[in-house]
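Asks: The residues making up each chain are set out below.
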Amino acid sequence: MSLTKLIERLLQLVPVLLGVSVIVFIMMALTPGDPVEIMIGDQNISAEQEAQMRRDLGLDEPVHQRFLTFLGNAVQGDFGTSFYHRRPVSEVIAERLPATIELSLVALILALATSIPLGVVAAIRKNSVLDRLATVGSLLGVSLPGFWFGILLLMLFAVHLQLLPVAGRISYQSEIEPITHLLLVDSLLRGRLDAFADAARHIILPAITLGLPMTAILTRVTRTSMLEVMRTDYITFAEAKGLSRRRVIYRHALKNALIPTVSVAAIETGSLLGGNMIVETVFGWPGLGRLVVESIFVRNFPLVQAAVLLYAVTYVMLNFIADILYTVLNPRVKL
Amino acid sequence: MSTAAQSPTEAATPAAATSIFRRNMRDFADNRLALVSAVVVVLFVLMALAAPLVAPHDPNATDLFRRLQPPAWMEGGSWSYPLGADALGRDILSRIIYGTRISIFIGAAVILVATTIGILAGLAAGYLRGWTDVAISRLVDILLGFPYLIFAIGLMAMMGPGLVNIILALAYKEWVIPCRVVRGETLVTRELEYVEAARALGASRGHIMLREILPNILSPVIVVSTIRMAHVIILEASLSFLGLGVQPPTASWGAMVADGRAFILESWWVSTFPGVAILLLVLAINVASQGLRDAFDPRFSE
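Residue numbers (the numbering used here), protein chains in the order written: chain H, 1 to 335; chain U, 1001 to 1302.
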């Protein structure tokens, strides 16, 4: 893909991102309840002080002016003050973000590591028992409500078998000095295998729950595309040449069959973002998703606004990456 | 519009459409699993409609002596409360039966509203083209920029909980999906000869869109809508689980699962059974709609 095409595609993102921020702004501007009143709470404050607060927050300005201020600040990473924490929203979000990123990454890795082999084997042995199991499994995977599946896992592995912890990211005694704030990485960097094992025990159930729908979808995509590739002439030719089946499958077919899988994976990574809210709530995972849900109930709107915008921008970028990956991997497709 | 505009096209389509429809329905009926699933869906709908007749108890009647009573087959259970009772001593089975109403009503309402808006917007964008298409397609792009659940959560935070608000929060984004399908199909169909003929005969744009194009693109829309209904039901349950859905004491499956979270140590049944209900309904809709898709849209059959 040429550089101009890439720039052209990047420019197309501008109206989308702008539209997304308008909607997020409108969402919060229309929210009932006066932010100043929420901030004041039970405190005794004079009318003058209240008017001053209103001016400080820019609430006395016309709507379009407020939007421009919001956008200007957002671009600089300033999302105002979290009412609840009485600290900048960006600071509070930054604290919670690593937990969410770590959980999403592990879910993504688990999903790829199970769905690709499963999809390939199901395609190679079409109509076998394993193929049927994979089909039923992926149907279940998209039909299971994540919050319920998480609770079932908790009941089985944490409560009944007592093999895994019920909530949290790491045990108190395993806590380590942070480097990247991703506990699995940090524990290895610090050479603390015990802490690594502890963090892994904490992350496994939430990651399985979060990754399940993605695993289901990717298994289906891989299977279908592998079946398609196996029917093409160049595979028949490779087989006719007398190459071993192994070689045909792994060296020739898989490479092309994985193109749709990779781009669907990028799109589905975006949907992990939404799943985070549910999974973090179920497993008491101290990430951004749970923070957003908690913030809604304490009417901490600046934080909700910032998080929704952050999620949306990440989502748009992931879809963009999915597009680019698709063309880079598949030169036959033109942007 | 003139009557002459209707006769050549309309006289030809209904008969052909009916026979194709019949053949498709036969294909669907041949698919046993899909048929069984469709029956399960119908049973759920009947259960929702007849909830007061089927439910053994008032779903909101509390009985603190039966607090967290186990299901009938366990020690301490009784057949008058077959699936046990929750923390307030309410009958779980009756609450599941009444919860069906919420899931199905919200699912159907969202799909109905979204499909109607999606069809109108998609037809307008695909047939009128020009600035209408640009405006609608931009809006679609922007709405697709939000992860679904996060968009719905943001809206629920803004509007507050409630039945109508959930339907709105989900429909605000859901219409985009039928809209894209309809737009794509309309772009192809508008160039077909019979549409051109209707145009040449002086039929109005409204007539062409609603009477000529729409009937011919309806089956992919119906297929997509049924598939999406399963998704909407899970989303509603997720919102309810987070406490952003229908408010207590109204029984909804997602909220029932959430209620049981506090008791997973000793009373597993409180969370488990409502989840089974969600899984069954969603699974049945998914399998039935896949059957529909295979029967109606040969492009998808593997």
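Calculated from the structure, these hints are not laboratory results.
In this text, a Cβ means the ideal position worked out from N, Cα and C, and glycines have one as well.
Hints should not be assumed to be uniformly reliable.
Claimed, not checked - Not the full set, but computed from the structure, chain H residues with beta-carbon under 8 Å of chain U:
{"hint": "1", "residue": "L133"}
{"hint": "2", "residue": "V136"}
{"hint": "3", "residue": "L139"}
{"hint": "4", "residue": "L153"}
{"hint": "5", "residue": "F157"}
{"hint": "6", "residue": "I267"}
{"hint": "7", "residue": "S271"}
{"hint": "8", "residue": "T281"}
{"hint": "9", "residue": "V298"}
To be verified - Now the stretches of chain U that chain H is said to cover, found in silico as 3 or more residues with beta-carbon under 8 Å:
{"hint": "10", "segment": "1076-1084"}
{"hint": "11", "segment": "1171-1181"}
What the hints assert, rightly or not - Here are some, though not all, of the chain H residues that point toward chain U, as calculated from beta-carbon distances under 10 Å:
{"hint": "12", "residue": "V20"}
{"hint": "13", "residue": "M28"}
{"hint": "14", "residue": "T114"}
{"hint": "15", "residue": "P117"}
{"hint": "16", "residue": "V159"}
{"hint": "17", "residue": "L161"}
{"hint": "18", "residue": "L273"}
{"hint": "19", "residue": "F301"}
{"hint": "20", "residue": "V304"}
Asks: Quick check on the hint: M28(H) CB to chain U CB, less than 10 Å?
Replies: Holds, because the Cβ-Cβ distance from M28(H) to chain U comes to roughly 7 Å (cut-off 10 Å).
Asks: Can you take a look at whether the segment 1076-1084 of chain U is actually covered by chain H? Rule is 3+ residues, C-beta closer than 8 Å.
Replies: Per the Cβ count (0), the hint is violated.
Asks: Let's test the interface hint: is any C-beta of chain U closer than 8 Å to that of V136(H)?
Replies: 10 Å, violated
Asks: Holds or violated: is there a CB of chain U closer than 10 Å to the CB of T114(H)?
Replies: 21 Å, violated
Asks: Given V159(H) was flagged as interface, is its beta-carbon under 10 Å from a beta-carbon of chain U?
Replies: Holds, about 6 Å.
Asks: Does the CB of L161(H) sit less than 10 Å away from some CB of chain U?
Replies: 13 Å, violated
Asks: Next item in the hint list is S271(H). Is there a CB on chain U closer than 8 Å to its CB?
Replies: 6 Å, holds
Asks: Taking a Cβ-Cβ distance under 8 Å as contact, does the segment 1171-1181 of chain U have three or more residues in contact with chain H?
Replies: Not satisfied, violated; 0 residues make the cut.
Asks: When the nearest CB of chain U is found for L273(H), is that gap smaller than 10 Å?
Replies: Result: holds, 5 Å to nearest chain U Cβ.
Asks: Are L139(H) and chain U close enough, Cβ to Cβ, to be under 8 Å, as the hint says?
Replies: 6 Å, holds
Asks: Do the numbers back the hint for V20(H), that is, is its least Cβ distance to chain U under 10 Å?
Replies: For V20(H), the interface hint holds, since the closest Cβ of chain U sits about 5 Å away, which is under 10 Å.
Asks: Min Cβ distance, T281(H) to chain U: is it shorter than 8 Å?
Replies: Holds. Min distance 6 Å.
In this structure, the earlier hints numbered 1, 2, 4, 5, 6, 9, 10, 11, 14, 15 and 17 are contradicted, and the remaining ones agree with it.
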